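*Asks:* These are the residues of each chain, in order.
Protein chains: 2
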Amino acid sequence: MTTNSSGDDAYARAGVNIDAGNLAVQKYRDVTSGWTHPDQLGSLGNFSGLFRLPGDATRALVGSADGVGTKILIAAAVKRYDTVGADLVNHCVNDILVTGAEPLFFLDYLAVGKLDPHVASLIVAGVHRACRENHCALLGGETAEMPGVYRPDHFDLAGTIVGMVELAAIPDPNRVQPGDAIVGLPAVGLHTNGYTLARALIPEDEYGAPFGMGTFADALLAPHPSYLQQVRAMRAVADVKSMAHITGGGLLENVPRTLPDHAAAVFEQTRWDVPPIMAELVRRGNLQHEECYRTLNMGVGYTLVIPITDVDAALAAAPGARVIGFVQPRRDGEPRVVVHPARTA
Amino acid sequence: MTTNSSGDDAYARAGVNIDAGNLAVQKYRDVTSGWTHPDQLGSLGNFSGLFRLPGDATRALVGSADGVGTKILIAAAVKRYDTVGADLVNHCVNDILVTGAEPLFFLDYLAVGKLDPHVASLIVAGVHRACRENHCALLGGETAEMPGVYRPDHFDLAGTIVGMVELAAIPDPNRVQPGDAIVGLPAVGLHTNGYTLARALIPEDEYGAPFGMGTFADALLAPHPSYLQQVRAMRAVADVKSMAHITGGGLLENVPRTLPDHAAAVFEQTRWDVPPIMAELVRRGNLQHEECYRTLNMGVGYTLVIPITDVDAALAAAPGARVIGFVQPRRDGEPRVVVHPARTA
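Chains as they are written, first to last, in our numbering: chain Y, 6 to 350; chain S, 6 to 350.
Derived by calculation from the structure, the hints in this document are not laboratory data. Among the hints, erroneous ones may be present.
No distinction is drawn between identical chains; accordingly, a pair holds when it is met within one copy or between any pair of copies.
Capping the alpha-carbon separation at 30 Å, the derived lysine-lysine pairs in DSSO-like fashion look like this [unchecked claim]: (1) K119 - K32; (2) K32 - K84; (3) K119 - K84.
Predicted model only: the values in this text are computed from it and were never measured.
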């Protein structure tokens, strides 16, 4: 059970409250603690939930639910409806990928203030296209017309993915050791996190203005990529010990879930590029180092912990992958994640 | 792929457009027709989607996504947050139940304008309670704080259920024959359909007014029941040939999906009770016969087609079940469903 309100001071100023999010997760644990289904594996608060496949000792089903978040408000503002489906599906694919699962099927939930069949079909076509690219069935979905909840020109898009994993193939963070490399896969932009902040810093009347090779809208709506092919290729040639999908909470909150207590991740930001749209947000918001790495992915979409001996093979298997940090010993009270900035503040 | 905008003239007057809904479903078929996953069984437009379980010749996974709809606006107005979870989960349980599936796990999506951890935990507690009652794991979920999409006091709640079915246990509407009985399970109220109409006919300032044994809010928020136990009990003793969950579209649109082309369902409304809240809506809206049975469940929550020889055993197994109609021969051009009113109009 996750909340999408991770962030910090800058995020809170933009209207998203991280303390409320953490408190909600704590309360969810309380209200659900009285009963857990006996076939449920793992706990709330991870990227995905695992469920023992009935009558099968070797496999588990993996499920994850997510939404596109307020990125949809930018899509609605510029009437670009064909990319949010990829945001949603690829986010979900990556969330179950960290367990080692391959996608089976997906279901979407589209809620609108006023149903425009053409717009709705553009959105669903994008969902279907992304499902196909991930060889994942679009098994069904629900479109709800809800006047009074959504503005006529607004919508919300959420979905659930189900995948399957061999129990023996589930990565185990406890195998991670100091000296292991952390390989990163590049982010193309904000993906699906940080948009409430981005919308506060880039007003709607600038969406059409030139930025980089296109407009601000182009940069802000760059679709969340699927890392399925790259991760599959690396796992075929390297011992991948644990993985993280860098979503809300950034490197600082997502990477610790992939490490044992006695290990810390130390990243060197000189080793990768921060996308221009992210640098622009940092500049406009005067975001401090910690704020950046807790609110935004800062250019890293996915991380894999790999023993140093397997790194060359892994990098050769996945174009774009690079070593961005290392696992180091950690003592009690020390930070779980350190990001060395490219330049001093 | 279903849309929740089923209804008719009265519904359209209330702001939900059935033509747009049907057109959207048609367009979804068009945009998704280019590719279907090879393990996907059945087609879009049914209650649930079926997916062949990899490496297992005898079983399928069944998935269904749904939302609570504008019933949440009534819950938000009277600040009653503990029942919408049951609405959502039980709706989903019933949707996959028509395929014969038993639930495995559920994931929820909660979107809010401003995250109040207490309110969110009441909602999630209701989801968890309903999951437990259906012996269904609450495998995960997402809570999204989306200022600008939702009003601070508004929320939306949707979810996805996954179940499993033996392929041999999937009901087959083609086995239905004239002379079979149609057994109905009683609805306790509107369940999760017709709320945009209900909200147009019963203004918010009346929610606290006395109605029946309680208030209008009590009647309007009566939780959608799960029919899992009753259906399981009937299937254990009777040959259940096909089943329908009576949701948006009412008896007129949901029952045809459970019949072969040469058969019609003929219901006698003297055989069941219309809940008082439904009668009140009919009176206030001056709803015509066809409008009622296409927009509201009119007191029937679930239907099962059972050979006449098995009816006594089925009724004995499920308290509340009763015979509400029969299957009759149908010629081309004749209606698929006829409801004989309790009294002449």
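*Asks:* Hint by hint, say whether it matches the structure.
*Replies:* Cross-check of the supplied hints:
1. Only between protomers do K119 and K32 lie at most 30 Å apart by alpha-carbon distance; the minimum there is 16 Å, versus 34 Å within a single protomer.
2. For a Cα distance limit of 30 Å, the shortest separation of K32 from K84 across copies, 18 Å, qualifies, whereas the shortest one inside one copy, 37 Å, does not.
3. In this assembly of identical chains, K119 and K84 lie within 30 Å of each other by CA distance both inside one copy and across copies; the values are 14 Å within and 25 Å between.
Figure legend: structure checked against the earlier numbered hints; every hint is met.
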